[in-house]
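Trainee: Can you build the whole structure from these sequences, using the hints too?
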Amino acid sequence: MQTVIIAGPPSAGKTSAILHVARLMQGEGLRPAAIKFDTRGSADPERYARIGMPALGGLSGYLCPDHYFISNLEEAVHWGRAQRAEALFVETAGLCLRCAPHVEGVPAVTVVDCLGGLDAPVKMGPMLSLADVVLLTKGDLVSQAEREVLAHRIMEENPGAEILPMNGLTGTGALALLRCLRGMSVNPGLADARLRHDMPAAICSYCTGERRIGRRFQSGNVEKLCWTEA
Amino acid sequence: MNTLDILGGKNRGGSPEPVERVRVRSGESLAVVGPTGSGKSELLADIAQLAQGDTPSKRHVLLDGRPPLIGASGLVGTLSQRTNFVMDADVGSFIRMHAAVLGKDGSGCVERVLALANELCGEPVDAVDRLQGLSGGQARSLMIADIALISDAPVVLIDEVENAGIDKHRALEALTGRGKIVLTATHDPVLMLMNDRRVVMRGGGMQALIERDGEERVRLEDLAACDAELLTARDTLRGGGRLRREARA
Numbered sequence: 000m001q002t003v004i005i006a007g008p009p010s011a012g013k014t015s016a017i018l019h020v021a022r023l024m025q026g027e028g029l030r031p032a033a034i035k036f037d038t039r040g041s042a043d044p045e046r047y048a049r050i051g052m053p054a055l056g057g058l059s060g061y062l063c064p065d066h067y068f069i070s071n072l073e074e075a076v077h078w079g080r081a082q083r084a085e086a087l088f089v090e091t092a093g094l095c096l097r098c099a100p101h102v103e104g105v106p107a108v109t110v111v112d113c114l115g116g117l118d119a120p121v122k123m124g125p126m127l128s129l130a131d132v133v134l135l136t137k138g139d140l141v142s143q144a145e146r147e148v149l150a151h152r153i154m155e156e157n158p159g160a161e162i163l164p165m166n167g168l169t170g171t172g173a174l175a176l177l178r179c180l181r182g183m184s185v186n187p188g189l190a191d192a193r194l195r196h197d198m199p200a201a202i203c204s205y206c207t208g209e210r211r212i213g214r215r216f217q218s219g220n221v222e223k224l225c226w227t228e229a
Numbered sequence: 000m001n002t003l004d005i006l007g008g009k010n011r012g013g014s015p016e017p018v019e020r021v022r023v024r025s026g027e028s029l030a031v032v033g034p035t036g037s038g039k040s041e042l043l044a045d046i047a048q049l050a051q052g053d054t055p056s057k058r059h060v061l062l063d064g065r066p067p068l069i070g071a072s073g074l075v076g077t078l079s080q081r082t083n084f085v086m087d088a089d090v091g092s093f094i095r096m097h098a099a100v101l102g103k104d105g106s107g108c109v110e111r112v113l114a115l116a117n118e119l120c121g122e123p124v125d126a127v128d129r130l131q132g133l134s135g136g137q138a139r140s141l142m143i144a145d146i147a148l149i150s151d152a153p154v155v156l157i158d159e160v161e162n163a164g165i166d167k168h169r170a171l172e173a174l175t176g177r178g179k180i181v182l183t184a185t186h187d188p189v190l191m192l193m194n195d196r197r198v199v200m201r202g203g204g205m206q207a208l209i210e211r212d213g214e215e216r217v218r219l220e221d222l223a224a225c226d227a228e229l230l231t232a233r234d235t236l237r238g239g240g241r242l243r244r245e246a247r248a
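Which chain is which? The protein sequence lines are X and S, in order.
Quick note on numbering that gives the first Met the number 0: the first sequence kicks off at 0 and runs consecutively.
Quick note on numbering that gives the first Met the number 0: the second sequence kicks off at 0 and runs consecutively.
I should point out that these hints are in silico values taken from the structure, not numbers from a laboratory.
Each residue gets a CB set at the ideal place from its N, CA and C atoms; glycine is no exception.
No false leads were slipped in.
Covered stretches of chain S (in silico footprint by chain X; criterion: 3 or more residues with CB under 8 Å from a CB of chain X, positions within the stretch not fixed):
no., stretch
1, 35-48
2, 73-81
3, 97-107
4, 143-152
Label pairs and their in silico Cβ distance ranges:
no., chain 1, residue 1, chain 2, residue 2, range
5, X, GLY116, S, GLY26, 31 to 37 Å
6, S, THR2, X, TRP78, 48 to 54 Å
7, X, ILE50, S, ARG65, 32 to 38 Å
Mentor: Spelled out as structure tokens, the structure:
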């Protein structure tokens, strides 16, 4: 089974991209499965189930969604194998851009929305710079020039990435992604695998449910701007 | 790149496409025609994805007679009715930015792109205009001029960009004149006939490949005159004028 991790900002088109690739795989008689890690609620597992994919959703609730995702990844892969799937798409909520859910040896796809602006690549950090494949969605809505500038800026942040256009409505581009995934590793397991980038640290009073504001309610890992100089 | 070949696959019913091979050379254009739902957009999608018998149509796309390398990108540029400018900048900075990322001289590009855009559209575009303030016709003209003069993509796919108030003939000429291979899916008879050849789509398949003949060349002149008359009438009415019978040539 090939595990593929998909990251990207909310509503960039991660689920649509996976659905189109999964349909192509199903057309070849393969059995793709998907797990969506989300924060509060998600209709995505139902979207996967609707095309007959084994699908599962996990909600991180009050936990950091990235910590929740990585803490469950090994079990997710076991689940995928139990479904007798040839491909497992692990879709992450991808929220704070501080870290990346990508794992060494596991194909890493990051979805970038062409409507997100030309400065987005610089802001996205390791989620973009550590991806193997960058999918550019909603390109049909922007000019050829802006697509080319965006692709160039992505290349500057991540020179090794394969940059592929993807139309989430029509599925144009899904084929290129599938061809690309075929050429990538089918990892045997996650036993010794490592994250490509560390996760954000916290462990402060707000991690444990504190809601009051002010110095006297803050403890643990608390960092302050240099206010005396400001 | 000198040639693009489309090798026929199957239509939606599973029968082989009547057109087995279409070759378009650098500097040539091909119209893609047929009723809504006949498969025009799928044909363009096959080219955009450089299909290798792995799309529903089972077509193969060859560049210079060979299958393209896996992961080949930047070969196909697109322009459709839905294409917009989304960045907030003036026209001059936008052109310079595009030229710069492709390693071209920005200042010379601005002049040349604007000159071409202004040939295509009656409403002049200026370097200091905001992209977001451009009319539909100005924006399309600028996009076409930019693809023609700056973009490196050797293949250009145009999907139903019509009635935008631009000079279609000059637009097509501007692209093919720079050695691009241009495929245009269209419902506009004038635009269809401006291409030397047209591929007719039916039921998802390439049904026929038709070369424009001498009689159609004459009809093109008539239709283009009708088209021009409609545009003039539009401008007159938009400008608060009245249409008069004697205005008809």
